[in-house]
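J.: Spelled out, the chains give:
Protein chains: 2
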Amino acid sequence: MDIKLDIVQSHQRISPYIHRTPILTSLMVNDLSGAELFFKCENFQKMGAFKMRGATNAILQLSDEQKQKGVVTHSSGNFAQALALSAKSLGIKAYIVMPSNSPEVKKKAVKGYDGIITECEPTLEDRERTAAQIQQEKGATFVHPYNDFNVILGNASVGKELLEEYPDLDLIIVPVGGGGLISGVALSAISFSNKCKVIGAEPYNVDDAYRSLQSGKIEYNQTTDTIADGLKTLLGDITFNIIKNHVEKIIRVTEEEIVEAMQLIWERMKIIVEPSAAVTLAAVLKSKQEFKNKKVGIVLSGGNVDLKKLPF
Amino acid sequence: MDIKLDIVQSHQRISPYIHRTPILTSLMVNDLSGAELFFKCENFQKMGAFKMRGATNAILQLSDEQKQKGVVTHSSGNFAQALALSAKSLGIKAYIVMPSNSPEVKKKAVKGYDGIITECEPTLEDRERTAAQIQQEKGATFVHPYNDFNVILGNASVGKELLEEYPDLDLIIVPVGGGGLISGVALSAISFSNKCKVIGAEPYNVDDAYRSLQSGKIEYNQTTDTIADGLKTLLGDITFNIIKNHVEKIIRVTEEEIVEAMQLIWERMKIIVEPSAAVTLAAVLKSKQEFKNKKVGIVLSGGNVDLKKLPF
Numbered sequence: 001m002d003i004k005l006d007i008v009q010s011h012q013r014i015s016p017y018i019h020r021t022p023i024l025t026s027l028m029v030n031d032l033s034g035a036e037l038f039f040k041c042e043n044f045q046k047m048g049a050f051k052m053r054g055a056t057n058a059i060l061q062l063s064d065e066q067k068q069k070g071v072v073t074h075s076s077g078n079f080a081q082a083l084a085l086s087a088k089s090l091g092i093k094a095y096i097v098m099p100s101n102s103p104e105v106k107k108k109a110v111k112g113y114d115g116i117i118t119e120c121e122p123t124l125e126d127r128e129r130t131a132a133q134i135q136q137e138k139g140a141t142f143v144h145p146y147n148d149f150n151v152i153l154g155n156a157s158v159g160k161e162l163l164e165e166y167p168d169l170d171l172i173i174v175p176v177g178g179g180g181l182i183s184g185v186a187l188s189a190i191s192f193s194n195k196c197k198v199i200g201a202e203p204y205n206v207d208d209a210y211r212s213l214q215s216g217k218i219e220y221n222q223t224t225d226t227i228a229d230g231l232k233t234l235l236g237d238i239t240f241n242i243i244k245n246h247v248e249k250i251i252r253v254t255e256e257e258i259v260e261a262m263q264l265i266w267e268r269m270k271i272i273v274e275p276s277a278a279v280t281l282a283a284v285l286k287s288k289q290e291f292k293n294k295k296v297g298i299v300l301s302g303g304n305v306d307l308k309k310l311p312f
Numbered sequence: 001m002d003i004k005l006d007i008v009q010s011h012q013r014i015s016p017y018i019h020r021t022p023i024l025t026s027l028m029v030n031d032l033s034g035a036e037l038f039f040k041c042e043n044f045q046k047m048g049a050f051k052m053r054g055a056t057n058a059i060l061q062l063s064d065e066q067k068q069k070g071v072v073t074h075s076s077g078n079f080a081q082a083l084a085l086s087a088k089s090l091g092i093k094a095y096i097v098m099p100s101n102s103p104e105v106k107k108k109a110v111k112g113y114d115g116i117i118t119e120c121e122p123t124l125e126d127r128e129r130t131a132a133q134i135q136q137e138k139g140a141t142f143v144h145p146y147n148d149f150n151v152i153l154g155n156a157s158v159g160k161e162l163l164e165e166y167p168d169l170d171l172i173i174v175p176v177g178g179g180g181l182i183s184g185v186a187l188s189a190i191s192f193s194n195k196c197k198v199i200g201a202e203p204y205n206v207d208d209a210y211r212s213l214q215s216g217k218i219e220y221n222q223t224t225d226t227i228a229d230g231l232k233t234l235l236g237d238i239t240f241n242i243i244k245n246h247v248e249k250i251i252r253v254t255e256e257e258i259v260e261a262m263q264l265i266w267e268r269m270k271i272i273v274e275p276s277a278a279v280t281l282a283a284v285l286k287s288k289q290e291f292k293n294k295k296v297g298i299v300l301s302g303g304n305v306d307l308k309k310l311p312f
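If you're matching them up, the sequences are chains A and B in order.
According to my numbering, the first sequence holds residues 1 to 312 in order.
According to my numbering, the second sequence holds residues 1 to 312 in order.
Hints are computed from structural coordinates only; laboratory data are not their basis.
Be careful, since some hints might not be right.
[To be verified] With a straight-line cut-off of 35 Å between C-alpha atoms, the simulated DSBU-like cross-links for lysine-lysine are:
1. A:K295 - B:K107
2. B:K295 - A:K160
3. A:K195 - A:K217
4. A:K111 - B:K107
5. B:K107 - B:K138
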C-alpha cells in the first residue's frame, strides 16, 4: 500500500470540489510566540471547515449504486455540514444524525445544504443506533466522520498543501478530536517531508487522546465540558493507530488558554476561527521553549461559531 | 503633474512598510449579490486598516529636520494608529490628538505603538485647536488624516493593487468618510483602467458626501449617529474636488443594512471587518440591479472592532 500515492490521488480527486485555502502569517503573532508560524486557514474552506476534504473524498469513492441510495453519518457539527454539502454538489442524498444539543447554527447550516436531519440523544450509543437504523431503512452508505480511511486520506491534503508551500516546516500542530485530521496530516508529513513532525493540541477537559497515547489503548472522557465543541469525540481504532505511530506528542491546554488564543487570532489576524481551531496556537504559546525559532504549520481547522455566543 | 507616476512612486516608496493585502472571493456572496465580487482585504493591513498606506507615504516625504521633530494628527481611530505605527517603525515621534469618546480599543492600540496621546473634546474645532497647539509647542509637522495629497497618493495603492490583479474590474466600491480612501482609489482607477468606475458607500445617518455631491459644496452632518465610526468625518477641499470629478455616485445604506452586511462577511467569509468596511457590501446588496453580472472590487477598509461590543 502506497500511502503517498493514495494521498496524491485523493488530493487530485477532491481538488475540483474544495478550496485550496490560503496560508497566512502574522509578524505580530510570530513576535509573541518566538516561532515562525504558518496558519493554514481551513476556516476559509467550503462550509467553514477542513471536514469538506474528507467527506468529499469518501463520497467520490462510492459506486454508482451506492450514490443512488445516499449517505448517512452522525456528527455533532462540521462533518454533518460537510457531508451534506458534498452530497448536494454531487446530487446525492445525505441523511444526518445530529445530537439534539448541537448548536442551532450548525443544524441550520445542514438544512441549508439540503441535509436530511434526524435528531438523537447526545450519546455515542444513540448516535450509532440511529444511524444504523437509517442505513438499514434507506440502504444509505454510512460514512464515519473520522474513523474512515478515505476520510483520513481526504484530510491529508491539508498537510500536503502546507508542505507544498513550505517544504521546510519543522512541525505542524493540529487539533485532536476524533483524530481524523491529525492522522491525515501525519500521513502527509511522513510522505512529503523527511523532518517535519506532527504535534497534537487538545483541551485538558477532553484529553482522551493524550491519555490514550499514555496508556496505549483508546481512553474515554468522563465529561465533555469544553468550549472546543469539535474536539469532544473519541479516537477510533484507525485514527488511534496512525496517531500512535506518527504523532510526536499531544499538548494539552486549558479553557482560558483556548479563549485567549482565539481572541488573539480574531483581534490580531482579523480572521474568525472556532475554539477547536485555537487550541493549536494556545499550545504554541504555552510551550514557547519547544517551538522557539522553529517553522511551525498551524492548522486552523474551522471557523463555524455562533456569533451570538462568543466567549469574550 | 503626472498622477499616474505619482501613484507608482508612492506605491514603491511605501511597499517595504505595508502588506500587499490579499483579495478574497466568495462564491456564496457572489450568488447572493448576482455580481462577481473581489474583496480587497485592508482589514489584514498592518494595524488593521488601509490608513497605514497614506500615513506611511506622508511620513516618508518629510525632510530629515521635520522627521526629527515628529508628526502630529487628530483622528478618532484608525489614522491615529496608522501614524503612530508608521512613525514608530521609522523611529520618529507621533503626537496623536484623540476625541475623549474614541473607542477604548483604539486608544490602547495607539499607546501600543508608542503614540503620544492628547485627549480633546469630540468636536472638529477642539481637535484642530489641540493639534495646532502641539504643532507650535513641539515643532511637529501636522499630517491630516485624509485632506493631504501625500496621504491620498498612499491610499491610491489600494486601487492600484486591485487593478493589477483584476485589470478588468467594472467598478470599485469604497466607503466614504473624509474621502481620503475613495479619492485615492478614484485616481488609481483613471490611471490604471480605461473603464473602471468608482462608487462610494455611505451611511444615511452621515450622508454628508452624498449631499455635497448634490449641492456642489461641502456639506455637514447634523448628527453622527452611525455604527460606522470611521465614516463620521467630513470631506476636505482636496478630497471633495477629486470625488466631484472622478467618483460616479454615492450609494447610501441604513444602519440595519450595514449590520446585516457585516454579519454576512463575518459568517460566510470568516473574516473580521469593521462596520465602516461593511457599508460597501451593503451598498451592493441594496442595489443589485446596478451591479448585476459586473466585476466589482470591494474595498474592505479595516477590521478594528471592539469584540466586546458587537452589533449582533
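J.: Starting from the hint list further up, note which numbers the structure goes against and sort them upward.
T.: 4
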